[in-house]
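> Whenever a hint applies, use it, and build me the whole structure from the sequences.
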Amino acid sequence: MRRDIIVSALLLSIFAFVIYGFLHDAKEKDIERLTSKSMQMILTSYNSIINTYKISAQKDMNSLLENSDAMQLLREFKYASESDKSIIRGRLYRLLYKKYYQMKKLNIRQFHFHTHEGKSLLRFHKPARNGDFLIDIRESIKVANQQHKIVSGFEGGRIYPGFRYVFPIIYNGEHLGSVEFSIAFESIERELGSVLPSLGYQLNLSKNVSYDRVFLWHRDYFIKSILSHNYYIENPEISLVTKKLQNITIIQRLEEYIQKNLSSISEKIETQQNFSIPTVIADAGYMIHFIDIKNTKNMHAAYMISYSKFDELTEINDKYTIFFILLYTAIFMIFLLIVIVSNQLHNLSLQKENLQHLLNQQENIVILSSGTTITYANQKFFDFFNLNSLDEFLLKNNCVCEKFIKDDRFFHLDKIKDDENWLDIIRKLPQSQSIVAMMGKNLELHSFSVSVNIYEHNIYILSFADISDTMVEQIKLQEKTLHDKLTHAYNREYFEQNIDQIIIDYTKAGTLLALTMLDIDFFKKVNDTFGHDIGDVVLQELVKVIGDYSRDDDILIRWGGEEFLIIFKVHSKNGLFIALENLRQSIEKHAFDTVEHITCSLGSSIYREGEMIKSTIKRADKALYTAKNSGRNKVVIL
Amino acid sequence: MKRRYLLILILVSVVQSVFAKDVINFTPLPLKKGIQNIEEFLPMNGYLQERLNIDIKYVYKQDYADIIKGFKDGSIDIAYLGPLPYIYLKKHYKYTMPMVTFNQSNGESSYKCVLSKFKEDKVDRSKTIKIALTQPLSTCGYYMTSILLQEHFGIDISQQMYKYTMSHSNALIQTLEGRFLIAGAKDTIAKPYESLGMEIIATSRSLPGFSLVVNTKTLSTKQIDEIRNVLLSIPKDIYKSWGGVTSRGMVESSYKEYEKLKIDFDAIPLRGNMR
Chain U
8 MRRDIIVSAL
18 LLSIFAFVIY
28 GFLHDAKEKD
38 IERLTSKSMQ
48 MILTSYNSII
58 NTYKISAQKD
68 MNSLLENSDA
78 MQLLREFKYA
88 SESDKSIIRG
98 RLYRLLYKKY
108 YQMKKLNIRQ
118 FHFHTHEGKS
128 LLRFHKPARN
138 GDFLIDIRES
148 IKVANQQHKI
158 VSGFEGGRIY
168 PGFRYVFPII
178 YNGEHLGSVE
188 FSIAFESIER
198 ELGSVLPSLG
208 YQLNLSKNVS
218 YDRVFLWHRD
228 YFIKSILSHN
238 YYIENPEISL
248 VTKKLQNITI
258 IQRLEEYIQK
268 NLSSISEKIE
278 TQQNFSIPTV
288 IADAGYMIHF
298 IDIKNTKNMH
308 AAYMISYSKF
318 DELTEINDKY
328 TIFFILLYTA
338 IFMIFLLIVI
348 VSNQLHNLSL
358 QKENLQHLLN
368 QQENIVILSS
378 GTTITYANQK
388 FFDFFNLNSL
398 DEFLLKNNCV
408 CEKFIKDDRF
418 FHLDKIKDDE
428 NWLDIIRKLP
438 QSQSIVAMMG
448 KNLELHSFSV
458 SVNIYEHNIY
468 ILSFADISDT
478 MVEQIKLQEK
488 TLHDKLTHAY
498 NREYFEQNID
508 QIIIDYTKAG
518 TLLALTMLDI
528 DFFKKVNDTF
538 GHDIGDVVLQ
548 ELVKVIGDYS
558 RDDDILIRWG
568 GEEFLIIFKV
578 HSKNGLFIAL
588 ENLRQSIEKH
598 AFDTVEHITC
608 SLGSSIYREG
618 EMIKSTIKRA
628 DKALYTAKNS
638 GRNKVVIL
Chain A
9 MKRRYLLILI
19 LVSVVQSVFA
29 KDVINFTPLP
39 LKKGIQNIEE
49 FLPMNGYLQE
59 RLNIDIKYVY
69 KQDYADIIKG
79 FKDGSIDIAY
89 LGPLPYIYLK
99 KHYKYTMPMV
109 TFNQSNGESS
119 YKCVLSKFKE
129 DKVDRSKTIK
139 IALTQPLSTC
149 GYYMTSILLQ
159 EHFGIDISQQ
169 MYKYTMSHSN
179 ALIQTLEGRF
189 LIAGAKDTIA
199 KPYESLGMEI
209 IATSRSLPGF
219 SLVVNTKTLS
229 TKQIDEIRNV
239 LLSIPKDIYK
249 SWGGVTSRGM
259 VESSYKEYEK
269 LKIDFDAIPL
279 RGNMR
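So the sequences go chain by chain: U and A. Position in the first sequence (first residue = 1) + 7 = our numbering. Position in the second sequence (first residue = 1) + 8 = our numbering.
Treat each hint with caution, since some may be false.
To be verified - With a straight-line Cα cutoff of 16 Å, these simulated EDC-like cross-link-like pairs (lysine to aspartate or glutamate) come out:
hint, chain 1, residue 1, chain 2, residue 2
1, U, Lys111, U, Glu193
2, U, Lys34, U, Asp325
3, U, Lys133, A, Glu185
4, A, Lys65, U, Glu244
5, U, Lys133, A, Glu48
6, U, Lys576, U, Asp560
7, U, Lys133, A, Asp245
8, U, Lys92, A, Glu202
9, A, Lys127, U, Asp91
10, A, Lys127, A, Glu207
Claimed, not checked - Partner residues are not named here, just some residues of chain A that face chain U (Cβ under 8 Å, in silico):
hint, residue
11, Ile46
12, Glu202
13, Ser241
14, Asp245
15, Ile246
Said to hold, decoys possible - Pair by pair, the computed Cβ-Cβ distance ranges are:
hint, chain 1, residue 1, chain 2, residue 2, range
16, U, Tyr86, A, Val31, 52 to 62 Å
17, A, Gly186, U, Tyr178, 20 to 30 Å
18, A, Val238, U, Glu39, 51 to 61 Å
19, U, Tyr86, A, Glu202, 56 to 66 Å
20, U, Ile332, A, Val31, 47 to 57 Å
21, A, Lys270, U, Asn114, 41 to 51 Å
22, U, Lys112, A, Gly186, 13 to 23 Å
23, U, Ser90, A, Gln158, 27 to 37 Å
Since the hints were made in silico from the structure, they are not lab data. All residues carry an ideal CB built from backbone N, CA and C; glycine is no exception.
Structure, rendered in structure tokens:
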């Protein structure tokens, strides 16, 4: 496998891992939020129920204190002999048993009087069992009778543990003992079941409030809990709540789940704090809440386990499963895309290498260009400009066109307008004119025939075929055809071929075009006196004098015999006159070989826009004629 | 011939031991809330389960008629019964026998029935009195209460108002509450109610004790022997910690004691005569 694919796979794996971590955290937070909400609901309901019973117990206590007969019996009991106590106990039972039956209907399990010494005085739920000392094993009774304080909370006892509300009985300022109202867990469970949807509740009692606390012969009321040897539950044989849970299959499965995960759950149990275990069994969500039940000293006494359905968990699981599937699908697709693109790039790279190789084999310079910059160049390009890379070229240039030599024989940038793309122009030129000249590494001027083909949108393949050798021959030939053999000044053929372009160029430059006819005065006399050879020398020397005097863009044409046409670029007629007068004087002052001094007459005219060039020549001829006829060695402008 | 019978007996014994039950169905005294009656048997049955590696299931029956039905249909293997229900059961279902009898608080296996009333209530023979009874087939119910009323007070129960409260405790509690003048109950159950001002006003002769009665059709002889042996060999310090009826130990049941009881079941009304 290629390195880029391995790197991509690695990066995607890291990305997938990070996203997985993020999603996993988000999922855990979602579950935690719902779990906390569910726990809050159950705690609120539980506290509300406990507080309702507390209010109810307080009401019963108030009612009891208002029962003067009962108070009187309690007072009598306090001071009665042992033999009289039983009859008083019986009277008390007979007096309050109806009240007890009413309480039972309101879920009070135990209505229990204690003596001021902390002994059991009368258990309405087991009236024949009395007289046993409770003060040492029941903190609530101790506090109620010694500190005369109301005590409430979950507490173990000699028979059943329960939610106790213990009140000291102070009647007419006298302490007569205490009374407790106890609620069985069954009642709490029933009330919770009526306000919250649940599969069931189970009370797991701390060993020290259950097994260790009850009468020895009541120990079988409890069996060991699945949580640990420190917890007991009520024996299902005597507890309808426990028995009911045993018959619910899903609760059995949830208990199996707890047992399987007991090692991790035990750590939480040891904290003796509320905690929850959300879990999924057979594709259904369940919530197991462990609710810390406090004793009268506000210490941990039991765990109430709540089992309930938790559909939100499966919804969250489903939601995040979709996220995970989408994530992995997206990552797989991205990986697939990377592999495809990588393969394509690899193939393109190979093709590019092949193309590069192919182009490098070309004799021509080949580049890819938009016209303003270069995106590719072959080795010939680098060889020609003595470069190592395209970047090196682009450091100083943008376009290859910047390398075009400004020679009117070739195409160059001065021949196009600023807002034109040279490629658009050169493409439209005939092959004979799409030739450019560029300076090579040895400062040799090379001419190239440029062919342009579209590569893709706005990108062109430019091929520069070196035609320098052919051009030299052509230029030489052109030199021959466009120049006068004797003086090497341009001939009339040149004028005919180029005057239209010259007019365009001058017009474009915003200057005036002046045509000046120059004729040597009395040249026939020179030929006659010194011979035609000397006359030829004079012509050659005159061309040289004019050339020395002329500006670069002045064009000298041998018009015929001793007559020359000079094309000037001028800004005014006066300027033209001064220039011609200077030229005339320069010729007059020049010392020619053999003949020493000659003079010239000059007739000039300025091209008028739109007129035929012949009209301009005609005016110049006329001006020359005027100069000749008015004494020669003069400048006349018409 | 004898050898043939012996062979059949051995065969039956072997078959019974092969198909020995792992689950023993136990029923306590019938009560509306049966769950309360099993509490005192929990330690004993736990002990048996541990020693014999058996499982004891509790079967709750609301009255003695249900218990007899349970013996007949095989849904009860062992029941806790007083003498009268046992005799009644034996009369209707012969595959039963008492296995062990529980000792009473006096250390003897026999017990007595008593009449109990609240000390401050007075018996006025000129008026019809209200009597709380346990169950029709309870020994201390109509059967023994009627005898005690007649013997000690010359009162004919059939001329009084009586009601079955379904348990000894109920009879005593409802009398304590003042709803009845006299309660008929077992002496050991009535005794603790003295702490509530109840007094025992008449006591019967000794009666065969409450026993565990087994179903010989559902339990093998070997199993019955095993259970009996385990129960009779429970160390004193263990059963003393159990509380209730099992806390005083037990003895092997005596058939002869039961045979002494001559009971006319037709004379016992199955319903009370008051609402």
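> Compare the structure with the hints numbered earlier in the document and write down the numbers of the violated ones, lowest to highest.
7, 13, 14, 15 and 19
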